[in-house]
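So the sequence lines, in the order shown, correspond to chains S, Y and R.
Here the first sequence stands for residues 319 to 488, where the numbers follow the numbering used here.
Here the second sequence stands for residues 2 to 659, where the numbers follow the numbering used here.
Here the third sequence stands for residues 16 to 121, where the numbers follow the numbering used here.
Since the hints were made in silico from the structure, they are not lab data.
A few of these clues could be false.
Said to hold, decoys possible - Simulated pairs of lysine to aspartate or glutamate, EDC-like, Cα-Cα distance not exceeding 16 Å: (1) 439(S) - 112(R); (2) 403(S) - 75(R); (3) 47(R) - 372(S); (4) 403(S) - 110(R); (5) 581(Y) - 308(Y); (6) 446(S) - 110(R); (7) 566(Y) - 579(Y); (8) 120(R) - 628(Y); (9) 72(Y) - 5(Y); (10) 120(Y) - 187(Y); (11) 311(Y) - 365(Y); (12) 47(R) - 457(S); (13) 174(Y) - 589(Y); (14) 311(Y) - 579(Y); (15) 460(Y) - 365(Y); (16) 124(Y) - 5(Y); (17) 446(S) - 372(S); (18) 174(Y) - 585(Y); (19) 47(R) - 402(S).
Claimed, not checked - Pairwise CB distance ranges, derived in the manner of DEER restraints: (20) 648(Y) - 457(S): 30 to 38 Å; (21) 464(S) - 645(Y): 22 to 30 Å; (22) 59(Y) - 464(S): 46 to 54 Å; (23) 621(Y) - 414(S): 28 to 36 Å; (24) 118(R) - 330(S): 25 to 33 Å; (25) 659(Y) - 372(S): 40 to 48 Å; (26) 403(S) - 621(Y): 40 to 48 Å.
From the three backbone atoms N, C-alpha and C, an ideal C-beta is built for every residue, glycine too.
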Amino acid sequence: MEAGVQTLLFWFFAILGIGGGVGLIFNRNPVYSALCLILNFFSISGLYLSLSAEFLAAIQVLVYAGAIMVLFLFVIMLLNLSEEKGILDITPTRLLSLLLGIALVVELLYVFREFADDSVKGAFQYGKVEPLGQMLMTEYLFPFEMISVILLSALIGAILIARKYSYSED
Amino acid sequence: MVTDIMVAFLPFIILLPLIGSIIIGLGGMLFPSFRSQEKLIGAIGTAMVALPFIILVYMTASFEGSAITFKLWSWMRGGDLDISFSYLLDQLSLLMGLIVTGVGSLIHVYSIGYMHGDKGYYKFFAYLNLFIFAMLNLILGDNMVVMFLGWEGVGLCSYLLIGFWYTDMLKAKAAQKAFVANRIGDFALMVAMFLIFTTIHSFSFGEIGAQVEALADYRIWIPLLIFIAATGKSAQIPLFVWLPDAMAGPTPVSALIHAATMVTSGIYLIARVSPLFLAAPEVMLLIGIIACLTALIAALIAIAQNDIKKILAYSTVSQLGFMFMALGVGAFTTAIFHVMTHAFFKACLFLGSGSVIHAMEHVEGVKDPQDIRTMGGLAKHMPSTSKTFWISTLAIAGIPLLSGFFSKDEILASLFFGGYTEPVYWGIWGIALFTAMLTAFYMTRVAYLTFNGMERFPKGARPHESPAVMTAPLWILATLAILGGYLGLPALLHVPHVLNDMWLATEGGIGAEGLISNSVQMVENMHEHHSMEYLLLPLSALIAVGTWFFTRRFYTNNGLGGDKKVQQLFGRLYSVMENKFYIDELYEKTILTPFMLFSKYVVAWVEKNIVDGFVRATYLGVANVGEVFKRLQTGLVQNYLLLVSMGVILVLAYIIFT
Amino acid sequence: MDLSSLQPSVLSYLAVSTLMFVLGMIGVLSRKNGIIIFMCIELMLNAVNLSLVTFSKLHDNATGSMMVFFVMCVAAAEAVVGLSIFIALFRNKLDIDINSVNIFKW
Numbered sequence: 319m320e321a322g323v324q325t326l327l328f329w330f331f332a333i334l335g336i337g338g339g340v341g342l343i344f345n346r347n348p349v350y351s352a353l354c355l356i357l358n359f360f361s362i363s364g365l366y367l368s369l370s371a372e373f374l375a376a377i378q379v380l381v382y383a384g385a386i387m388v389l390f391l392f393v394i395m396l397l398n399l400s401e402e403k404g405i406l407d408i409t410p411t412r413l414l415s416l417l418l419g420i421a422l423v424v425e426l427l428y429v430f431r432e433f434a435d436d437s438v439k440g441a442f443q444y445g446k447v448e449p450l451g452q453m454l455m456t457e458y459l460f461p462f463e464m465i466s467v468i469l470l471s472a473l474i475g476a477i478l479i480a481r482k483y484s485y486s487e488d
Numbered sequence: 002m003v004t005d006i007m008v009a010f011l012p013f014i015i016l017l018p019l020i021g022s023i024i025i026g027l028g029g030m031l032f033p034s035f036r037s038q039e040k041l042i043g044a045i046g047t048a049m050v051a052l053p054f055i056i057l058v059y060m061t062a063s064f065e066g067s068a069i070t071f072k073l074w075s076w077m078r079g080g081d082l083d084i085s086f087s088y089l090l091d092q093l094s095l096l097m098g099l100i101v102t103g104v105g106s107l108i109h110v111y112s113i114g115y116m117h118g119d120k121g122y123y124k125f126f127a128y129l130n131l132f133i134f135a136m137l138n139l140i141l142g143d144n145m146v147v148m149f150l151g152w153e154g155v156g157l158c159s160y161l162l163i164g165f166w167y168t169d170m171l172k173a174k175a176a177q178k179a180f181v182a183n184r185i186g187d188f189a190l191m192v193a194m195f196l197i198f199t200t201i202h203s204f205s206f207g208e209i210g211a212q213v214e215a216l217a218d219y220r221i222w223i224p225l226l227i228f229i230a231a232t233g234k235s236a237q238i239p240l241f242v243w244l245p246d247a248m249a250g251p252t253p254v255s256a257l258i259h260a261a262t263m264v265t266s267g268i269y270l271i272a273r274v275s276p277l278f279l280a281a282p283e284v285m286l287l288i289g290i291i292a293c294l295t296a297l298i299a300a301l302i303a304i305a306q307n308d309i310k311k312i313l314a315y316s317t318v319s320q321l322g323f324m325f326m327a328l329g330v331g332a333f334t335t336a337i338f339h340v341m342t343h344a345f346f347k348a349c350l351f352l353g354s355g356s357v358i359h360a361m362e363h364v365e366g367v368k369d370p371q372d373i374r375t376m377g378g379l380a381k382h383m384p385s386t387s388k389t390f391w392i393s394t395l396a397i398a399g400i401p402l403l404s405g406f407f408s409k410d411e412i413l414a415s416l417f418f419g420g421y422t423e424p425v426y427w428g429i430w431g432i433a434l435f436t437a438m439l440t441a442f443y444m445t446r447v448a449y450l451t452f453n454g455m456e457r458f459p460k461g462a463r464p465h466e467s468p469a470v471m472t473a474p475l476w477i478l479a480t481l482a483i484l485g486g487y488l489g490l491p492a493l494l495h496v497p498h499v500l501n502d503m504w505l506a507t508e509g510g511i512g513a514e515g516l517i518s519n520s521v522q523m524v525e526n527m528h529e530h531h532s533m534e535y536l537l538l539p540l541s542a543l544i545a546v547g548t549w550f551f552t553r554r555f556y557t558n559n560g561l562g563g564d565k566k567v568q569q570l571f572g573r574l575y576s577v578m579e580n581k582f583y584i585d586e587l588y589e590k591t592i593l594t595p596f597m598l599f600s601k602y603v604v605a606w607v608e609k610n611i612v613d614g615f616v617r618a619t620y621l622g623v624a625n626v627g628e629v630f631k632r633l634q635t636g637l638v639q640n641y642l643l644l645v646s647m648g649v650i651l652v653l654a655y656i657i658f659t
Numbered sequence: 016m017d018l019s020s021l022q023p024s025v026l027s028y029l030a031v032s033t034l035m036f037v038l039g040m041i042g043v044l045s046r047k048n049g050i051i052i053f054m055c056i057e058l059m060l061n062a063v064n065l066s067l068v069t070f071s072k073l074h075d076n077a078t079g080s081m082m083v084f085f086v087m088c089v090a091a092a093e094a095v096v097g098l099s100i101f102i103a104l105f106r107n108k109l110d111i112d113i114n115s116v117n118i119f120k121w
């Protein structure tokens, strides 16, 4: 990928993604929050693209933005939630969480500072579908199969949890 | 090739009795209708012992002379410790296995008849099979840990079976007594095992045999501790008190566990680690002395008893004393020989007594079906039982040409030849000879008073002979009691001693091959003073026959009154004998009573103030601390999460910045 | 305009990932609406995914990408179960304020 395009992609989607994240936590209406999150997911997908991870970028849009967020929106609208009040109130808990957040940023950036000079321009063969698919069917076959079991159990669990219990029948 | 087949079969020997026990036990527990299927239960129980016996016969027939070890699976591992369920097939374990499963199957068959109609029929067979499983572990185990598992397992089964009729308080207490007495010995065995392991870092019998020199630091201690363990299991002074009480169990149990197999495991163990004992002549001498005292005291007590099973129990203690005497002089193969012959005739005697008790229980007006004073003249009513009982009696008394004669004479000869090296053995030999005479006396007495003379039970009663399922094992055992001795004919006949020369003491060195070897000194003496045997053999024959003949005439003339004359003969000693040398009372006074008093006052105070105080302080402390810290449990997820993230960030900071 | 000074390094990607993660964390710790908290958790997962992909690219190694793939699958499963829990919760309480759920309180 051309350096200039990558730079542009990065800054555009970085700012858009962080903006989406901020929007997520500062919106009163859950629907707006969800839309901000979708924005964030699209940006992350863009960032993947800028890292030439095309396959992951695609399924980021498909799975996250497409499937999971639709589910979220669906549930939010199903429940018809009212707007949350006082999201800008300053409480001790919020102050503490803000402090913790800043501390975490400091810590992580302190650790990551050694990557300052590492370039992201190198080749990346695992961005394509084919090598990833091969890995999935060979080295990661067992986790891959386990994932299918997890998905199945999640499916059954969700049905069991969310169904309406009628206590009359047993 | 043959070895492969043997290895393939080996797990079955061990596991079949366990499987049988599980099937019968679970079946009985889960399906009440299964409990009344006596024939089915009996068939399963017997088959699970008879099959291993058949396999063992095949193995013995195709055995090629070199020991086979077989590892079932690794049990635990760590550092030097590597314990696995490995089993050893050699001449000794094959012989013991044949005795255990052979006599065991006969006793299972017998039990089908004996236990008929008992409420706990299925339990009985489950326990018996479990016992065989444990016993096979004991004798086939290749290392001391598997052996110890079996050792504890037979102790457990013994406890379960002595207390089989546990609703009777006396019987439950007898079971407890056996269990506790055995625990003392087990403790000693564990200490011996630890000493061995810390020194040579192995539990395997082969290693122990090969590294006797490395164990020189504990040259005295290890054999001594093993001997203490053996005194518990094999009923020697000072721990023999449990065996007579153990007669509370059903009679087949007395025959199987407390006569033929379990009580000989101490002898087996000592024979298995014989190199350790050969390195410690002091301990050997101690074994000899204790064994001869045990044999003498038990024989004296047996004279003054009237309960048929008690007499046989003391006789067992006495015969075990004989075996230990043989061990003490270093004649390990001889001891095993006597284990074998004793298993045959003593099992036969016990089963015969069971048959008698079975009959007497159905006679009206007999208070105690085990009291020989209310028997007499039973030979007419119970021909099979009477004949087999007499055969075994003559065998144990040492009448020539029967098995007991050969094995007992070999023990006496070994003791005598041991005397050339260490004169104390001559003393032991003298006592042993006297004890052999007493044996002939009390055994003839019990057989005569039971089966011959006047009928002392209520007139008109007709005790019936036991069913064929009970008499058939009696006849087989009686046959073995006659023939068993021909495996070990005396040296002076110049025929090979099958058991010693051709089987047990084969070439291959000491211990390393898992074989047992007799004391070199003793064997040399035997060759040197070879001619003495011409004197010893007739002497013991004469004593046995003479005593038998005299006793028979004595009781024919005097009937029960004979006991009075015996009482006069022994004078004041007789009441001591009658009261079992007051050993139970002695233990009660010296150990139990002080212990009880100590518990009552000292321990009670400690219990109330220190132990309970500690418990109270613990819960009060926990309650108060909890009262304070429970406020952290707000039930709000975000509070928890906040604390979690705080913790994570702090730990991360610690990792990053230090 | 010279873009070379704005050229992103691995650190830039990791910084974006860190900021998103911390935003998600603050959201989880501060908001009361259960579903928004849940969405913040998804945000945190995605932030981590981003750093995984970055490292995968840095070392040209498949493990990171594979991990992202599995995280996505687990996140999908988790979203389904989590949302059904909220539905069940809403059915009982007519509200999904997580402060209303404190049955574990002493």
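Tested hints:
1. 439(S) - 112(R): violated, 46 Å
2. 403(S) - 75(R): Given that 16 Å is the threshold and the Cα spacing comes to 47 Å, the pair is violated.
3. 47(R) - 372(S): Cα-Cα ~36 Å, so violated.
4. 403(S) - 110(R): Roughly 14 Å separates the two Cα atoms, so the pair holds.
5. 581(Y) - 308(Y): Answer holds: residue 581(Y) to residue 308(Y) is near 13 Å, not above 16 Å.
6. 446(S) - 110(R): Judged against 16 Å, a Cα distance of about 44 Å means the pair is violated.
7. 566(Y) - 579(Y): holds, 14 Å
8. 120(R) - 628(Y): holds, 13 Å
9. 72(Y) - 5(Y): The given pair, whose Cα atoms are some 13 Å apart, holds under the 16 Å limit.
10. 120(Y) - 187(Y): violated, 32 Å
11. 311(Y) - 365(Y): violated, 23 Å
12. 47(R) - 457(S): violated, 42 Å
13. 174(Y) - 589(Y): Status holds; Cα separation ~14 Å.
14. 311(Y) - 579(Y): Since the Cα atoms of residue 311(Y) and residue 579(Y) sit roughly 11 Å apart, the hinted pair holds (cutoff 16 Å).
15. 460(Y) - 365(Y): holds, 10 Å
16. 124(Y) - 5(Y): violated, 36 Å
17. 446(S) - 372(S): It holds: about 6 Å lies between the C-alpha atoms, which stays within 16 Å.
18. 174(Y) - 585(Y): holds, 13 Å
19. 47(R) - 402(S): holds, 8 Å
20. 648(Y) - 457(S): 30 to 38 Å: holds, 35 Å
21. 464(S) - 645(Y): 22 to 30 Å: Because 27 Å falls inside the window, the suggested range holds.
22. 59(Y) - 464(S): 46 to 54 Å: holds, 50 Å
23. 621(Y) - 414(S): 28 to 36 Å: Hint holds: Cβ distance 35 Å, inside 28 to 36 Å.
24. 118(R) - 330(S): 25 to 33 Å: Violated, at about 46 Å.
25. 659(Y) - 372(S): 40 to 48 Å: holds, 42 Å
26. 403(S) - 621(Y): 40 to 48 Å: Because 46 Å falls inside the window, the suggested range holds.
In this structure, the earlier hints numbered 1, 2, 3, 6, 10, 11, 12, 16, 24 are contradicted, and the remaining ones agree with it.
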